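K.L.:
Listed below, chain by chain, are the residues.
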Amino acid sequence: MSETLIKVVNLKKYFPIRGIFFTKARVKAVDGVTFDIRRGETLGLVGESGCGKTTTGRLILRLLKPTAGHVYFEGKDVFKLKGEELKKFRKSAQIILQDPYTSLNPRMTVFEIINEALEVHKMKISDKEEFIVNWLRKVGLEKHHLYRYPHEFSGGQRQRIAIVRALVINPKFVILDEPTSALDVSVQAQILNMLKDFQREMSLTYLFISHDLGIVKYMSTRIAVMYLGKIVELAPADELFEKPQHPYSQMLLASIPIPDPEYALKKPKVRVYGEPPSPINPPPGCRFHPRCEHVMEICSKEEPPFIEVERDHYVACWLYAKR
Amino acid sequence: MTLVSEEVYEKKILDKVIDRLVDGVAKVIDKFKPGWSVKNRSKIDEWKLMFYAFNRSPPGLIGAALILGFIAIGIFGPYFAPYSYRLFLFIEHEETYLVPPGSTIVSKGETFYFPLGTDKYGRDLLSLILYGARVSLVVSMIVIALGVPLGIVLGLVAGYFGGKIDEIIMRITDTFLAFPALILAIAFAAVLPERLRPMIIYNEQLKTLLSIFFAADPRDAANFAPILSVILAIIIVWWPGYTRIIRGSVLSVRENLYVEAARALGVSTWKILTKHILPNVISPVLVLITLDVGAVILVEAGLSFLGLGAQDPMIDWGKIVFDGAQYFPDRWWLVLFPGLATFLAVLGWNLVGDTLRDVLDPKTRRSIEFKVKKKKLAATSEDGGASQ
Numbered sequence: 001m002s003e004t005l006i007k008v009v010n011l012k013k014y015f016p017i018r019g020i021f022f023t024k025a026r027v028k029a030v031d032g033v034t035f036d037i038r039r040g041e042t043l044g045l046v047g048e049s050g051c052g053k054t055t056t057g058r059l060i061l062r063l064l065k066p067t068a069g070h071v072y073f074e075g076k077d078v079f080k081l082k083g084e085e086l087k088k089f090r091k092s093a094q095i096i097l098q099d100p101y102t103s104l105n106p107r108m109t110v111f112e113i114i115n116e117a118l119e120v121h122k123m124k125i126s127d128k129e130e131f132i133v134n135w136l137r138k139v140g141l142e143k144h145h146l147y148r149y150p151h152e153f154s155g156g157q158r159q160r161i162a163i164v165r166a167l168v169i170n171p172k173f174v175i176l177d178e179p180t181s182a183l184d185v186s187v188q189a190q191i192l193n194m195l196k197d198f199q200r201e202m203s204l205t206y207l208f209i210s211h212d213l214g215i216v217k218y219m220s221t222r223i224a225v226m227y228l229g230k231i232v233e234l235a236p237a238d239e240l241f242e243k244p245q246h247p248y249s250q251m252l253l254a255s256i257p258i259p260d261p262e263y264a265l266k267k268p269k270v271r272v273y274g275e276p277p278s279p280i281n282p283p284p285g286c287r288f289h290p291r292c293e294h295v296m297e298i299c300s301k302e303e304p305p306f307i308e309v310e311r312d313h314y315v316a317c318w319l320y321a322k323r
Numbered sequence: 324m325t326l327v328s329e330e331v332y333e334k335k336i337l338d339k340v341i342d343r344l345v346d347g348v349a350k351v352i353d354k355f356k357p358g359w360s361v362k363n364r365s366k367i368d369e370w371k372l373m374f375y376a377f378n379r380s381p382p383g384l385i386g387a388a389l390i391l392g393f394i395a396i397g398i399f400g401p402y403f404a405p406y407s408y409r410l411f412l413f414i415e416h417e418e419t420y421l422v423p424p425g426s427t428i429v430s431k432g433e434t435f436y437f438p439l440g441t442d443k444y445g446r447d448l449l450s451l452i453l454y455g456a457r458v459s460l461v462v463s464m465i466v467i468a469l470g471v472p473l474g475i476v477l478g479l480v481a482g483y484f485g486g487k488i489d490e491i492i493m494r495i496t497d498t499f500l501a502f503p504a505l506i507l508a509i510a511f512a513a514v515l516p517e518r519l520r521p522m523i524i525y526n527e528q529l530k531t532l533l534s535i536f537f538a539a540d541p542r543d544a545a546n547f548a549p550i551l552s553v554i555l556a557i558i559i560v561w562w563p564g565y566t567r568i569i570r571g572s573v574l575s576v577r578e579n580l581y582v583e584a585a586r587a588l589g590v591s592t593w594k595i596l597t598k599h600i601l602p603n604v605i606s607p608v609l610v611l612i613t614l615d616v617g618a619v620i621l622v623e624a625g626l627s628f629l630g631l632g633a634q635d636p637m638i639d640w641g642k643i644v645f646d647g648a649q650y651f652p653d654r655w656w657l658v659l660f661p662g663l664a665t666f667l668a669v670l671g672w673n674l675v676g677d678t679l680r681d682v683l684d685p686k687t688r689r690s691i692e693f694k695v696k697k698k699k700l701a702a703t704s705e706d707g708g709a710s711q
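Same order as they appear, the protein sequences are chains Y and V. Position 98 of the first sequence, counting from 1, maps to 98 under this note's numbering, and the rest follow consecutively. So this note's numbering is basically just the index in the second sequence, starting at one, shifted up by 323.
Please keep in mind that the hints were generated in silico from the structure rather than gathered at the bench. Remember, predicted model here, so these are calculated numbers, not experimental data. Treat each hint with caution, since some may be false.
Here are the simulated lysine to aspartate or glutamate pairs, DMTMM-like style, with alpha carbons at most 25 Å apart [as the list claims (entries may be wrong)]:
{"no.": "1", "chain 1": "V", "residue 1": "K366", "chain 2": "Y", "residue 2": "E142"}
{"no.": "2", "chain 1": "V", "residue 1": "K356", "chain 2": "Y", "residue 2": "D99"}
{"no.": "3", "chain 1": "V", "residue 1": "K431", "chain 2": "Y", "residue 2": "E85"}
{"no.": "4", "chain 1": "V", "residue 1": "K594", "chain 2": "Y", "residue 2": "E85"}
{"no.": "5", "chain 1": "V", "residue 1": "K371", "chain 2": "Y", "residue 2": "E112"}
{"no.": "6", "chain 1": "V", "residue 1": "K356", "chain 2": "Y", "residue 2": "E262"}
{"no.": "7", "chain 1": "V", "residue 1": "K362", "chain 2": "Y", "residue 2": "D36"}
{"no.": "8", "chain 1": "Y", "residue 1": "K7", "chain 2": "V", "residue 2": "E583"}
{"no.": "9", "chain 1": "Y", "residue 1": "K24", "chain 2": "V", "residue 2": "D353"}
{"no.": "10", "chain 1": "Y", "residue 1": "K143", "chain 2": "V", "residue 2": "E578"}
{"no.": "11", "chain 1": "V", "residue 1": "K366", "chain 2": "Y", "residue 2": "E85"}
{"no.": "12", "chain 1": "Y", "residue 1": "K217", "chain 2": "Y", "residue 2": "E178"}
{"no.": "13", "chain 1": "V", "residue 1": "K362", "chain 2": "Y", "residue 2": "E130"}
{"no.": "14", "chain 1": "V", "residue 1": "K354", "chain 2": "Y", "residue 2": "D127"}
{"no.": "15", "chain 1": "Y", "residue 1": "K80", "chain 2": "V", "residue 2": "D353"}
{"no.": "16", "chain 1": "Y", "residue 1": "K143", "chain 2": "V", "residue 2": "D353"}
{"no.": "17", "chain 1": "Y", "residue 1": "K87", "chain 2": "V", "residue 2": "E415"}
{"no.": "18", "chain 1": "V", "residue 1": "K366", "chain 2": "Y", "residue 2": "E178"}
{"no.": "19", "chain 1": "V", "residue 1": "K354", "chain 2": "Y", "residue 2": "E129"}
{"no.": "20", "chain 1": "V", "residue 1": "K362", "chain 2": "Y", "residue 2": "E85"}
{"no.": "21", "chain 1": "V", "residue 1": "K598", "chain 2": "Y", "residue 2": "D99"}
{"no.": "22", "chain 1": "Y", "residue 1": "K196", "chain 2": "V", "residue 2": "E583"}
{"no.": "23", "chain 1": "Y", "residue 1": "K65", "chain 2": "V", "residue 2": "D353"}
{"no.": "24", "chain 1": "V", "residue 1": "K598", "chain 2": "Y", "residue 2": "D77"}
{"no.": "25", "chain 1": "V", "residue 1": "K598", "chain 2": "Y", "residue 2": "D212"}
Which bits of chain Y does chain V cover? Going by a derived footprint, with three or more residues having C-beta under 8 Å, they are [unchecked claim]:
{"no.": "26", "segment": "69-83"}
{"no.": "27", "segment": "275-284"}
{"no.": "28", "segment": "306-318"}
Backbone N, C-alpha and C define an ideal beta-carbon position, used for all residues, glycine too.
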């Protein structure tokens, strides 16, 4: 279980904002992120909108060029892959995207969409039609859906097609980029369970990106909390929910609505206030210090180190660091 | 389950004929590729639905009829022309000089009938219009066939790759866009024919090919050159419009997640461009093409009206008007009939273009279907009320 599949080292992505003649400013979407993903686990990546979760996912798949840093997939630097090796990487790492309404080409039938994946990777299958129909059945679609266009399906059905497209080439690692945020709650549960079943069956490794904490808790083995382009806390899922260490994680968890009013009253309150500052010009030192209750002098001066407070539980906060 | 259309929509004769036609084409393809029609069931239904929506639009049908007429005349007209465009009757039969429409002339024992009158050389105006249709058709088709692909390719490349490539292509496009067609055509007409003429005259194959294209006598080969230079001038000012439109659409389409999914799958850039982006940006171009065929016919006629296109004895619609203008309004037929022909052809393409825009846009198409559907439902409820 503990073998590392993906290692992300000091990954950075700055998006330039172009002026008339030269770059005016840079949005620091991802600013020095380091973590690893272990074979067979689901790593949850949570954070507010705009904190760089999705960008991190795209960088890992080499859909964007990083400003700095490395991603190692099975020990090989993803950004240095070429030719056959790159093709092999594309086959083993896949992504399921957020919005099923734009993730399927409206001019291609279901068969064409899935067949494209098989053809790119030259999968040798004697009867493609039967093979694809079998896959469609696995996600609860039928044979007569094979030659339909995406607009003839509901959102949940489309997401199932997108799942088949990603999994049909038998990948090792799949990024789930908010796969259920565009779907209604009952469909969400079906899709999530389906993804869990596939993980067990095909021994997949997931990076689950979401802002929905409940779903992340349900899906993940470990969870990384991101704030303004940096990871502030990384811990096993249960532990993070039981004893969050970083003030931001505490704030985030406190914001989950509790359906039981009596329990909600008893629970200690952590107020949520402030808004995340602009990633163009993030605050110096710890990026959370303008919103933090426990802010100290050092917080605005130096960046806190990412330290292991308990086994497998990392926090970037001066409260726990030895000065 | 079939599409709703077959259950709800009432089909008129024209719809049924076109349905048969689409099914027939599907069957033919099925013979070459077994199983094709099953796989493309949705596509075939979509086509039928599109024709159905098109058939609901009277202007579109009128336009389609005009276009079909124009194309038919352009292709077959010259072979049915009563007289050749090189037949200068006036030389032997002085009575044929500028005869009004519908006259029968008997001269030196021969009888001539001119349904649309004659021009100053005693040539039959109907024949001239039939020959002129061919030139208009060929010119507009060549301009579209060469200019549009060029514009599309450059627009795709500029929009998809962005950055410096985009800058360079779009600045070149702007430069060409800034050229007025007229000035360029005048410059070309002054220089190019001199170079093109020997090329055409001494190249037997090119000579035969062009004379078949223009339905002209190979002896007029020297006069093909000005028409070719007009074609070239129009192409040069025509493609930038397509580059702009395609680039704009590509900019929005490439942000769609399916492009990203294709990249994550490792689909090659060429396939992403041709299979994912092009099919999703092409429909505005189809509309633009139909509108532009009309515009090209007009520009071409305009250039020959200025004396830049066809030279005697070659003929096209603009040239007939140009020659006839000096006798206007006494000999009105020389201007009226070729002008009317131009007008109808351009009108036809524009009507079809307008209707296509509505039909190809899924939003307006659904609204057309919805309207028809509602009417049908209302009618059935009335029936129910009457029977009670």
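K.L.:
Which constraints among the numbered hints does this structure fail? Numbers only, ascending.
P.N.:
2, 3, 6, 7, 9, 10, 11, 15, 17, 18, 20, 23, 24, 25, 26, 27 and 28
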